[in-house]
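S.K.: The chain contents come next:
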Amino acid sequence: MSAIASADPAAQETFLREERKRYFTFMNLAFLMTALTGIELVLIYLPFPSQTIIYFTLIFLSLIKFVGVIFWFMHLLWDKAFLTIVFLFGMVIASGTIAALLLLFSEGYVDPAMGIYEAD
Amino acid sequence: MSTATSTAPLGAEKADENRSLIGLRRPDHTTGLADWLTTVDHKKIAIMYAIFSLAFLVIGGIEALIIRAQLAVAENQLITAEVYNQLFTMHGTTMVFLAVMPLSAAFFNYLVPLQIGARDVAFPRLNSFSLWTFVAGAIILNISWLFQAANLLGWFNPIDGRSDIVPAVGWFGYAPYTDTAYSGIGTDFWILGLQVLGIGSLAAAFNFIVTIFNMRAPGMLMMRLPVFTWMTLITSFLIIFAFPPLTVALGELMFDRYFGTSFFRVEGGGQPILWQHLFWIFGHPEVYILILPAMGIISEILPVFSRKPLFGYSLIIFSGAVIGFLGFAVWSHHMFTTGLGTVGTAAFSLLTMAIAVPTGVKIFNWIGTLWGGKIRFDVPMIYGLGFIWMFMMGGFSGIMHSSAPADSQQHDTYFVVAHFHYVLIGGSILALLAGLYFWFPKVTGRMWQGKLGHWSAIVIVIGLNWTFFPMHYLGMAGMPRRTHTYLEGTGWQALNFAVTIGAFILAVGILMFLIDMLRTYRKGVPAGNDPWNARTLEWSIPSPPPVHNFDRTPVVKARDAFWLHKFGTVDQKIGSVDPGAHGVHMPSKSWMPLLTSSGFLVFGIAMAMKSAGVPLMGYLAITGLSITLIGIYLWALEGPGGYHLHPEGEHRPH
Amino acid sequence: MSAATEVTESQEHVPTGMHPKKLMMWLFLASDCMFFGTLISTHLIYRKIYPDVGPDPRSIFDIELTTGSSFILLMSSLFMALAVSAIHKGELKSFRRNTVLVMIFGLLFLSGQVYEFYDFAVNKDFKLTTGTFGSSFYLMTGTHGVHVALGILWLGSLFAYSYTKHFKAETHAMDVEVAGLYWHFVDIVWIVIFTAVYLLEYVSF
Numbered sequence: 001m002s003a004i005a006s007a008d009p010a011a012q013e014t015f016l017r018e019e020r021k022r023y024f025t026f027m028n029l030a031f032l033m034t035a036l037t038g039i040e041l042v043l044i045y046l047p048f049p050s051q052t053i054i055y056f057t058l059i060f061l062s063l064i065k066f067v068g069v070i071f072w073f074m075h076l077l078w079d080k081a082f083l084t085i086v087f088l089f090g091m092v093i094a095s096g097t098i099a100a101l102l103l104l105f106s107e108g109y110v111d112p113a114m115g116i117y118e119a120d
Numbered sequence: 001m002s003t004a005t006s007t008a009p010l011g012a013e014k015a016d017e018n019r020s021l022i023g024l025r026r027p028d029h030t031t032g033l034a035d036w037l038t039t040v041d042h043k044k045i046a047i048m049y050a051i052f053s054l055a056f057l058v059i060g061g062i063e064a065l066i067i068r069a070q071l072a073v074a075e076n077q078l079i080t081a082e083v084y085n086q087l088f089t090m091h092g093t094t095m096v097f098l099a100v101m102p103l104s105a106a107f108f109n110y111l112v113p114l115q116i117g118a119r120d121v122a123f124p125r126l127n128s129f130s131l132w133t134f135v136a137g138a139i140i141l142n143i144s145w146l147f148q149a150a151n152l153l154g155w156f157n158p159i160d161g162r163s164d165i166v167p168a169v170g171w172f173g174y175a176p177y178t179d180t181a182y183s184g185i186g187t188d189f190w191i192l193g194l195q196v197l198g199i200g201s202l203a204a205a206f207n208f209i210v211t212i213f214n215m216r217a218p219g220m221l222m223m224r225l226p227v228f229t230w231m232t233l234i235t236s237f238l239i240i241f242a243f244p245p246l247t248v249a250l251g252e253l254m255f256d257r258y259f260g261t262s263f264f265r266v267e268g269g270g271q272p273i274l275w276q277h278l279f280w281i282f283g284h285p286e287v288y289i290l291i292l293p294a295m296g297i298i299s300e301i302l303p304v305f306s307r308k309p310l311f312g313y314s315l316i317i318f319s320g321a322v323i324g325f326l327g328f329a330v331w332s333h334h335m336f337t338t339g340l341g342t343v344g345t346a347a348f349s350l351l352t353m354a355i356a357v358p359t360g361v362k363i364f365n366w367i368g369t370l371w372g373g374k375i376r377f378d379v380p381m382i383y384g385l386g387f388i389w390m391f392m393m394g395g396f397s398g399i400m401h402s403s404a405p406a407d408s409q410q411h412d413t414y415f416v417v418a419h420f421h422y423v424l425i426g427g428s429i430l431a432l433l434a435g436l437y438f439w440f441p442k443v444t445g446r447m448w449q450g451k452l453g454h455w456s457a458i459v460i461v462i463g464l465n466w467t468f469f470p471m472h473y474l475g476m477a478g479m480p481r482r483t484h485t486y487l488e489g490t491g492w493q494a495l496n497f498a499v500t501i502g503a504f505i506l507a508v509g510i511l512m513f514l515i516d517m518l519r520t521y522r523k524g525v526p527a528g529n530d531p532w533n534a535r536t537l538e539w540s541i542p543s544p545p546p547v548h549n550f551d552r553t554p555v556v557k558a559r560d561a562f563w564l565h566k567f568g569t570v571d572q573k574i575g576s577v578d579p580g581a582h583g584v585h586m587p588s589k590s591w592m593p594l595l596t597s598s599g600f601l602v603f604g605i606a607m608a609m610k611s612a613g614v615p616l617m618g619y620l621a622i623t624g625l626s627i628t629l630i631g632i633y634l635w636a637l638e639g640p641g642g643y644h645l646h647p648e649g650e651h652r653p654h
Numbered sequence: 001m002s003a004a005t006e007v008t009e010s011q012e013h014v015p016t017g018m019h020p021k022k023l024m025m026w027l028f029l030a031s032d033c034m035f036f037g038t039l040i041s042t043h044l045i046y047r048k049i050y051p052d053v054g055p056d057p058r059s060i061f062d063i064e065l066t067t068g069s070s071f072i073l074l075m076s077s078l079f080m081a082l083a084v085s086a087i088h089k090g091e092l093k094s095f096r097r098n099t100v101l102v103m104i105f106g107l108l109f110l111s112g113q114v115y116e117f118y119d120f121a122v123n124k125d126f127k128l129t130t131g132t133f134g135s136s137f138y139l140m141t142g143t144h145g146v147h148v149a150l151g152i153l154w155l156g157s158l159f160a161y162s163y164t165k166h167f168k169a170e171t172h173a174m175d176v177e178v179a180g181l182y183w184h185f186v187d188i189v190w191i192v193i194f195t196a197v198y199l200l201e202y203v204s205f
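Residue numbers (the numbering used here), protein chains in the order written: chain A, 1 to 120; chain B, 1 to 654; chain C, 1 to 205.
Simulated from the structure, these hints should not be mistaken for lab results.
Backbone N, C-alpha and C define an ideal beta-carbon position, used for all residues, glycine too.
It cannot be assumed that every hint is accurate.
In silico BS3-like cross-links for lysine-lysine, where the CA-CA straight-line distance does not exceed 27 Å [to be verified]:
#: 1; chain 1: A; residue 1: 80; chain 2: C; residue 2: 168
#: 2; chain 1: B; residue 1: 557; chain 2: B; residue 2: 374
#: 3; chain 1: B; residue 1: 566; chain 2: B; residue 2: 374
#: 4; chain 1: C; residue 1: 127; chain 2: C; residue 2: 22
#: 5; chain 1: B; residue 1: 44; chain 2: B; residue 2: 523
#: 6; chain 1: C; residue 1: 22; chain 2: A; residue 2: 21
#: 7; chain 1: B; residue 1: 374; chain 2: A; residue 2: 80
#: 8; chain 1: C; residue 1: 165; chain 2: A; residue 2: 80
#: 9; chain 1: A; residue 1: 21; chain 2: C; residue 2: 168
#: 10; chain 1: B; residue 1: 308; chain 2: B; residue 2: 566
#: 11; chain 1: C; residue 1: 89; chain 2: A; residue 2: 80
#: 12; chain 1: A; residue 1: 80; chain 2: A; residue 2: 21
#: 13; chain 1: C; residue 1: 168; chain 2: C; residue 2: 89
#: 14; chain 1: A; residue 1: 21; chain 2: C; residue 2: 93
#: 15; chain 1: C; residue 1: 127; chain 2: B; residue 2: 610
#: 16; chain 1: C; residue 1: 89; chain 2: A; residue 2: 21
#: 17; chain 1: C; residue 1: 22; chain 2: C; residue 2: 168
Which chain A residues stay away from chain B? Per the calculated CB distances, all over 12 Å, these [as the list claims (entries may be wrong)]:
#: 18; residue: 32
#: 19; residue: 78
#: 20; residue: 86
Whole structure, please, built from the sequences with the hints as guidance.
M.R.: Next up, the structure:
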């Protein structure tokens with residue numbers, strides 16, 4: 001990136017301006033994610049009637065943090081789209097595998113009468 | 001060789017261009033053994049991959065012949081049940097990881113840079129690291145035979161209960177057989193060998209993806225890439241997504257055996273079935289890792305010997321990608337009899353049937369390529385046609401397995417053995433041999449004489465059918481896999497005897513192939529640059545190719561670039577980029593990849609010895625990892641280096 | 001690993017415009033998704049089929065400490081982003097300052113993890129050998145910890161290398177950026193682990 005930018009003084013100027021703007025973007029993002037982490041901690045202590053909402057809120061908040069880091073801190077937003085595709089491809093296969101595995105395993109696998117697992 | 005080495009140093013500030021940044025002498029001008037050990041040339045690395053994998057093909061083949069000799073007659077006692085288990089485990093592991101995969105890797109290495117018009121791969125030293133890591137893993141697996149011999153001679157005695165020294169848990173290593181209670185240090189050799197092989201395969205796969213995306217010659221668009229390069233790309237993607245689950249599963253198993261965790265140990269609540277899931281999440285994509293390169297080779301050979309462009313180029317590539325993607329969604333069809341639940345069984349059954357569609361599309365496209373072509377029956381083509389026919393046979397029994405009710409009858413019988421040997425020998429091996437014959441003149445510059453090659457193809461196909469076709473009947477008659485022997489009166493004797501005869505016919509075919517290769521290497525006639533009137537870039541340069549591949553970087557104007565260069569219009573001729581006064585930039589050779597990989601070898605053997613109860617081996621294992629770490633640091637600090645070549649001849653600048 | 005590899009061809013003809021090292025790193029990270037995905041699914045599967053076997057996670061987890069660790073790792077990611085920005089601008093001093101901060105926060109995270117493991121194993125009798133829960137918990141979080149430690153080693157090496165005469169901001173910016181990508185990835189793995197392994201244990205249906 002810098003090697004391309006430094007070749008031409010005008011491009012270098014634009015590049016530096018972009019980088020200075022990013023400084024504030026990074027700062028704001030870090031504050032936002034700190035706040036979200038705090039909210040996550042508070043959420044699990046809330047005596048909220050529907051725990052399902054808490055469950056999905058927690059997943060949603062972590063998703064926001066995840067997207068924040070990969071698109072801003074890891075520059076995917078400003079980089080070649082192909083890199084996003086490569087990474088999301090890995091994410092899709094991994095998430096699909098996790099989901100399929102979790103569906104395939106059920107509590108019915110374990111016979112409570114067997115008693116073999118009560119050693120702990 | 002038509003090149004002269006330049007003496008001009010790369011960095012002007014350096015006093016001695018032969019020294020790296022840390023002051024060590026670079027092995028750039030070494031010859032003989034040191035040259036082979038330090039080389040970063042993709043062609044030499046490919047040749048080493050091919051030689052090692054053919055050696056392991058022979059070793060795995062001998063293991064198979066001993067198995068078949070044991071099963072030739074009922075109630076045979078040629079070998080003990082323990083040795084039998086070791087043989088089928090090592091046969092499977094060797095053939096998958098040490099024969100077919102590295103032989104495919106040999107083709108990747110040799111052909112991809114040549115087919116895309118590049119000087120080398122993107123990371124040449126990493127390529128050397130992949131090779132030596134593969135060798136380290138292969139040694140860790142096979143050195144177990146030597147330890148077993150030492151044990152028989154009384155020189156080496158593992159602690160109680162660990163005396164099963166050669167891996168004997170099957171190539172899939174199902175839990176709970178792999179637990180310390182049921183298997184000896186053979187399982188440790190197996191875990192560490194596969195772990196190290198995985199590192200080598202992953203490094204190579206990253207390297208090839210970057211190479212194919214970033215090192216293409218000008219004008220070599222993605223949809224102009226030769227199909228073999230496309231299949232390399234898809235295979236590499238399969239490797240980078242399939243090997244991590246195996247790494248984790250092996251790591252968990254290692255923790256069970258060394259540190260008392262309960263991932264797969266029933267006593268602690270572990271679920272052996274989790275191992276099956278994790279193994280087949282890797283294992284099914286692995287099947288396509290074995291077959292997609294073969295499909296790529298066939299897609300190169302058929303158009304050349306039919307004098308026609310490949311029928312449905314984009315469809316063949318798209319089918320390959322679909323096969324690769326679906327490959328991650330069908331792993332549980334290896335586990336239909338474990339009780340997945342109705343929904344799971346139905347879903348995996350349907351997805352497995354779906355894979356038959358893109359595979360069928362490829363077969364029809366190959367037949368479409370042959371249709372109306374001017375077919376020439378030379379050796380690569382005979383092997384190639386054998387591939388289509390035999391692979392279809394394996395494919396048909398594969399479709400039968402995709403139906404869960406049928407599969408529960410065939411599961412763990414010789415029917416399954418017949419199926420996957422048809423797709424692995426009839427598919428992968430026949431195509432790889434076809435590829436060896438096809439590109440041998442390019443690699444060595446020599447062309448075979450006589451008909452031994454033709455006969456080897458015919459004998460191999462006959463031997464293959466003679467061996468594996470009766471197995472379908474044996475499987476339907478209920479003969480289970482992985483049994484040391486069988487009783488009189490089961491009705492399996494006659495067919496088993498026939499199968500054993502077939503196995504030896506197949507071995508004779510392979511021997512004829514090896515003899516023909518050696519004979520051609522020693523006494524072949526000069527092949528010329530383009531003996532087949534072929535279509536891709538690698539045939540446009542001399543045989544064997546010079547160390548820098550292309551004197552000038554080619555500029556590609558169309559798919560089948562070299563064919564159109566020969567027979568197309570003027571504006572379809574391959575152009576060239578002037579290398580300029582500085583010549584062709586060559587990477588420096590290095591000892592560091594070898595050093596880094598050798599740490600894995602020490603680590604693997606030391607860990608197995610630790611399991612055997614040999615004192616101080618934990619420290620040796622740490623020493624091994626330290627060697628790897630030191631290797632990585634020296635590698636990073638020595639700097640890439642490099643020198644310039646000025647190709648002589650008509651294109652020479654100045 | 002990427003820092004130790006090289007690019008042999010000049011960049012004039014790169015058809016994709018992506019630096020080979022950066023592409024390599026993203027491929028590695030995509031592959032690492034499967035790696036951590038398998039570790040996390042092992043843990044979640046055993047928590048799913050044995051919800052009541054072994055110690056109650058709520059009685060052993062110290063969620064305030066873990067939230068603090070998550071905060072520390074997020075901050076280290078911020079400094080990493082700033083360090084990458086600094087090296088691209090050629091500001092060597094700022095790069096070094098931010099890299100040191102990343103390493104300090106990384107070490108703080110690791111100390112938190114060491115304290116957590118010690119607390120679990122000694123005070124709460126929850127060990128690596130405590131059934132499937134102990135096995136999968138320690139292997140997963142431990143593997144993540146090893147990733148953090150390797151990241152610190154990598155950044156420390158780059159930091160030390162920046163004092164040698166071979167180091168130039170413009171030629172080594174990509175090495176720093178690639179190390180940064182690795183560091184951020186370790187952070188997002190923790191974001192997933194923090195929610196999936198720690199927080200969701202506190203939700204009761």
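S.K.: Give a verdict on every hint.
M.R.: Status of the hints after comparison with the structure:
Of the pairs offered as hints, the one joining residue 80 (chain A) and residue 168 (chain C) holds, with about 25 Å between alpha carbons and a cut-off of 27 Å not exceeded. Of the pairs offered as hints, the one joining residue 557 (chain B) and residue 374 (chain B) holds, with about 25 Å between alpha carbons and a cut-off of 27 Å not exceeded. Between the alpha carbons of residue 566 (chain B) and residue 374 (chain B) the distance comes to roughly 18 Å, so the proposed pair stays at or under 27 Å and holds. Under the criterion of a C-alpha separation no larger than 27 Å, the hint pairing residue 127 (chain C) with residue 22 (chain C) is inconsistent with the structure, at around 39 Å.
Of the pairs offered as hints, the one joining residue 44 (chain B) and residue 523 (chain B) holds, with about 21 Å between alpha carbons and a cut-off of 27 Å not exceeded. Between residue 22 (chain C) and residue 21 (chain A) the CA atoms are separated by roughly 23 Å; this keeps the pair inside 27 Å, and the hint holds. Using a Cα cut-off of 27 Å, the hinted pair residue 374 (chain B) and residue 80 (chain A) is violated, with the two alpha carbons roughly 45 Å apart. At roughly 32 Å between alpha-carbon atoms, residue 165 (chain C) and residue 80 (chain A) are farther apart than 27 Å, so this suggested pair is violated.
Between residue 21 (chain A) and residue 168 (chain C), the direct Cα distance comes to roughly 24 Å. Compliance with the 27 Å bound is thereby established for this hinted pair. Using a Cα cut-off of 27 Å, the hinted pair residue 308 (chain B) and residue 566 (chain B) holds, with the two alpha carbons roughly 14 Å apart. At most 27 Å may separate the alpha-carbon atoms for a hinted pair to count; residue 89 (chain C) and residue 80 (chain A) meet this at roughly 20 Å. About 20 Å separates the Cα atoms of residue 80 (chain A) and residue 21 (chain A), which keeps this hinted pair within 27 Å; it holds.
This hinted pair checks out: residue 168 (chain C) and residue 89 (chain C) have alpha carbons roughly 12 Å apart, not beyond 27 Å. The straight-line distance between the Cα atoms of residue 21 (chain A) and residue 93 (chain C) is roughly 20 Å, inside the 27 Å bound, and the hint therefore holds. This hinted pair checks out: residue 127 (chain C) and residue 610 (chain B) have alpha carbons roughly 23 Å apart, not beyond 27 Å. For the hint linking residue 89 (chain C) to residue 21 (chain A), the alpha-carbon distance of about 13 Å falls within 27 Å, and the restraint holds.
The straight-line distance between the Cα atoms of residue 22 (chain C) and residue 168 (chain C) is roughly 18 Å, inside the 27 Å bound, and the hint therefore holds. Taking the minimum C-beta to C-beta distance to chain B, about 31 Å, the non-interface status of residue 32 (chain A) holds against the 12 Å cut. Every CB of chain B is more than 12 Å from the CB of residue 78 (chain A) (nearest about 19 Å), matching its label as outside the interface. The Cβ of residue 86 (chain A) sits about 9 Å from the closest Cβ of chain B, inside the 12 Å cut-off, so the non-interface label is violated.
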